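Each protein sequence line maps, in turn, to chains W and B. The numbering used here applies: residue 1 is where the first sequence begins, and numbers increase by one. The numbering used here applies: residue 1 is where the second sequence begins, and numbers increase by one.
In short, the hints are calculated from the structure, not lab data. Note that the coordinates shown come from a computational prediction; the quantities given were computed from them, not determined experimentally. Hints are supplied without guarantee of correctness; some may be wrong.
List of simulated lysine-lysine pairs, DSS-like, C-alpha gap at most 25 Å [claimed, not checked]:
{"hint": "1", "chain 1": "B", "residue 1": "K35", "chain 2": "B", "residue 2": "K282"}
{"hint": "2", "chain 1": "W", "residue 1": "K344", "chain 2": "W", "residue 2": "K294"}
{"hint": "3", "chain 1": "B", "residue 1": "K282", "chain 2": "B", "residue 2": "K134"}
{"hint": "4", "chain 1": "W", "residue 1": "K294", "chain 2": "B", "residue 2": "K96"}
{"hint": "5", "chain 1": "B", "residue 1": "K282", "chain 2": "B", "residue 2": "K175"}
{"hint": "6", "chain 1": "B", "residue 1": "K88", "chain 2": "W", "residue 2": "K294"}
Okay, the calculated beta carbon distance ranges per label pair [as the list claims (entries may be wrong)]:
{"hint": "7", "chain 1": "B", "residue 1": "G128", "chain 2": "W", "residue 2": "A196", "range": "39 to 47 Å"}
{"hint": "8", "chain 1": "W", "residue 1": "E211", "chain 2": "B", "residue 2": "D393", "range": "23 to 31 Å"}
{"hint": "9", "chain 1": "W", "residue 1": "G112", "chain 2": "B", "residue 2": "H130", "range": "49 to 57 Å"}
{"hint": "10", "chain 1": "W", "residue 1": "R7", "chain 2": "B", "residue 2": "G90", "range": "39 to 47 Å"}
{"hint": "11", "chain 1": "B", "residue 1": "P42", "chain 2": "W", "residue 2": "K294", "range": "42 to 50 Å"}
{"hint": "12", "chain 1": "B", "residue 1": "R259", "chain 2": "W", "residue 2": "G112", "range": "27 to 35 Å"}
{"hint": "13", "chain 1": "W", "residue 1": "G326", "chain 2": "B", "residue 2": "R394", "range": "40 to 48 Å"}
{"hint": "14", "chain 1": "B", "residue 1": "P42", "chain 2": "W", "residue 2": "L20", "range": "19 to 27 Å"}
{"hint": "15", "chain 1": "B", "residue 1": "E116", "chain 2": "W", "residue 2": "V346", "range": "53 to 61 Å"}
{"hint": "16", "chain 1": "W", "residue 1": "Q212", "chain 2": "B", "residue 2": "S108", "range": "38 to 46 Å"}
All C-beta atoms in this analysis are idealised placements derived from N, C-alpha and C, irrespective of residue type, glycine included.
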Amino acid sequence: MLERTFRGLRRDLRFFLGGLVAEPPPPFLVRHRPVRPLEGREVRVDRVERPALDSVSLHLVDRAGEPLRFRAGQFFTLLVEVDGQLLRRAYSASSAPGAGPGVEITVRRVPGGLVSNHLVDHADAGQLLRLLGPSGSFLPPEELDELVLIAGGSGITPIVSIVRDRLTRSAERTRIHVLYGHRSGELAAFASELAALAKTHPRLGLRLVFEQPGGELEHAVGRLDRATVRASLESLGALGPREGKKRAYMICGPVGMMDEVRAALGEASVEPDELFEERFASPSVASVDVGAAKEPQPLLVRRSGRSRALVVAPGQTLLEAATAAGVEMPYSCTMGGCGACRVKLVEGQVTESEPTCLSASERASGQILACVARPLGPCTVEVERP
Amino acid sequence: MIKEAVMGALPPRVREQIDAWMEAMSVFAEIRDPKVLASLGPAGVRGLLLHRGKQGRPTEMRARHSAHFDWTYPSDQPEMADLYRRAKAGQWDGEKDLPWHISVDPLSTEHRLLPEGFFDLAVLEEHGVHLDAKEQMQITHSLAAWMLSQFLHGEQGALFAAAQVTEAVQFFDGKLYGATQVVDEGRHVEVFNRYLSDKLERLYQVNDNLFVIIDSLMSDGRWDMKFLGMQIMVEGLALGAFGTLYSQTREPLLKELLRRVILDEARHVHYGVVALREHVTKELSESERREREDWAFEVALLMRNRFMAYEVYDEWFAGGRLSRAQWRDVVERAPGMTTFRQVMFSRLVPNLREIGLLSPRILPHYDRVGLLRYMGEKAASELTGEGMIADLDRTALARAA
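Work out the full structure, taking the sequences as your base and the hints as a guide.
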């Protein structure tokens, strides 16, 4: 007691004498923003470029100065406010990893798309946005002799990131073939850049296929249907016998085009393990709350033999409820596109926003995505992965 | 002259410390009523000389009030009962009802936290300090964070004072209303704290003068003094400050936050006026009334003259770049601070009139310090929060035009 009083008096005296005997107290304390993981990191639009008609490339840098690390082929989830509503959309990186402190993402206008129209029309340097990720496993194998990249429409963004990345590796000998289809040359983002790269890099082969003729770039006229894909890949030398070479095919584009490419590659006896696909149709958040419970629901999260009980508020996803309660769960894109938050539904029923990246077999085995799943009643889930 | 010569010869830190002591002494010297000095004095020593709010540790303040129980649960204060109903209907959720997703760039020129002319840079230049464009934005960030930090510290005081007042007040309808105010103040602490942490990423130390007012209120055993201090003076100060910032900021999240807080605060001041009106005019003796009248005047002066943002001075100019006297000149002549004082006293003076603490004997003092011109304004009991917001919006529009 006496000691406490003495210490208090000594402190009072020190503060009374202030600047005469010691450094004055700091005028302010730095407050660190508490971690709210699902809100992502804050990024600033460093500059804006327009690589084609109706497309915009945003160069994003972390506002706190942290480097943005990712691998070529991955995507980020962008949180954008439009008309007072916070919307999430997935956009692939189009820059090469390590090409700068940040990342370039490229957005193409989608008819009626709230976020894409907003960004294409209003994106400007200095804007602040939020970013989650990177996510996704659309990653080319490292050791390859030939890499065949097939893109349709805005599916070019991860492809161009991969091309830019691989061409900067001076020691690498992988031959790269790019087949790129679009409606017209003026809409085809990065087509000119790819054409220029093909001229200066002998190991890059390029075939452009546009539905409309015209423009300065050399291209075939047509759609990326089964026959055109086969003919184009043959002309690039990207089909046929492997002769001991290791080859990978990576496809990104609209669903219809991907079906055609898959069929063409099947006819050419491409093995399933040589095939890598990225479905870039954004997982939707439009179909939320279909039958979701209007009352709070109990949720039991099991992990490594331990259980944690919590409550999911109406409208919340399982992931939101878990992170709000301090329960660590794996996640990345938060919009059903990457599968990082996959958990097993042991008991109960949920409704999920569609589409998600889950395969039919994953669904059949009871897997759900916590980021887009809302409970219909009491639920128990098992977090299976570390 | 000699004093200035001697001071000028001292190292800057010593000079600043001596100035701080002299300023504290002048606060005590200016208090004429010995009862007011006895009430504010100990808190003044703890705040102004010992800087208890800045010692980097929690502060213990001993409460000396009595909890007033009434086992008959009377419902005899219809105006308070009505405020209770309105308060229940006006509750909001600081987490869900504010657009926290808005990113705030404190250095943005588009969504300025404070308007460009809040400080008069010409006055700084007069004192030999030139700030480049970036420094101007940075000091505006500092000043906005300083103001909001003081709001937060004030709200902490209001939270505890509202809880004490709820215990001590004799009106049962007032106790029920008081419970809603405790929740309101808790919410205000939540939202200001979150804004400072998430958006401005800094928290300034509590201003010594604000500490004195809070300390004095918390340790005074008389419930009506707590009421007068917190519901009328501090809430009046808060309404002035919030209103100024609300009408001047271009940052949309802060604007919405302040709009909601102002609606709550308007109820709080209204409650103070209703509770004290009867008590001051009917229950207190003339000498007790006079003591409160003097106390309110001294605190009004303390609020008008002493909120000098020394914490911002310490950050930017201490150590010889500018003297404390020069800084006082900069703050006193800052157009933003002038507006703040106007808005604050236009709210405060009519409320003091309404509760009977502006008798003819004190009017000359208010007149002397230029505060009597607010005498004819409306009191809180004649205003609604929505009306105040509309007034502020009109003022902001007129300024923009």
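Each hint, compared with the structure:
no. : hint                        : verdict
1   : B/K35 / B/K282              : holds (21 Å)
2   : W/K344 / W/K294             : holds (23 Å)
3   : B/K282 / B/K134             : violated (57 Å)
4   : W/K294 / B/K96              : holds (17 Å)
5   : B/K282 / B/K175             : holds (20 Å)
6   : B/K88 / W/K294              : holds (24 Å)
7   : B/G128 / W/A196: 39 to 47 Å : violated (57 Å)
8   : W/E211 / B/D393: 23 to 31 Å : violated (54 Å)
9   : W/G112 / B/H130: 49 to 57 Å : holds (53 Å)
10  : W/R7 / B/G90: 39 to 47 Å    : holds (46 Å)
11  : B/P42 / W/K294: 42 to 50 Å  : violated (56 Å)
12  : B/R259 / W/G112: 27 to 35 Å : holds (34 Å)
13  : W/G326 / B/R394: 40 to 48 Å : holds (46 Å)
14  : B/P42 / W/L20: 19 to 27 Å   : holds (24 Å)
15  : B/E116 / W/V346: 53 to 61 Å : holds (60 Å)
16  : W/Q212 / B/S108: 38 to 46 Å : holds (43 Å)
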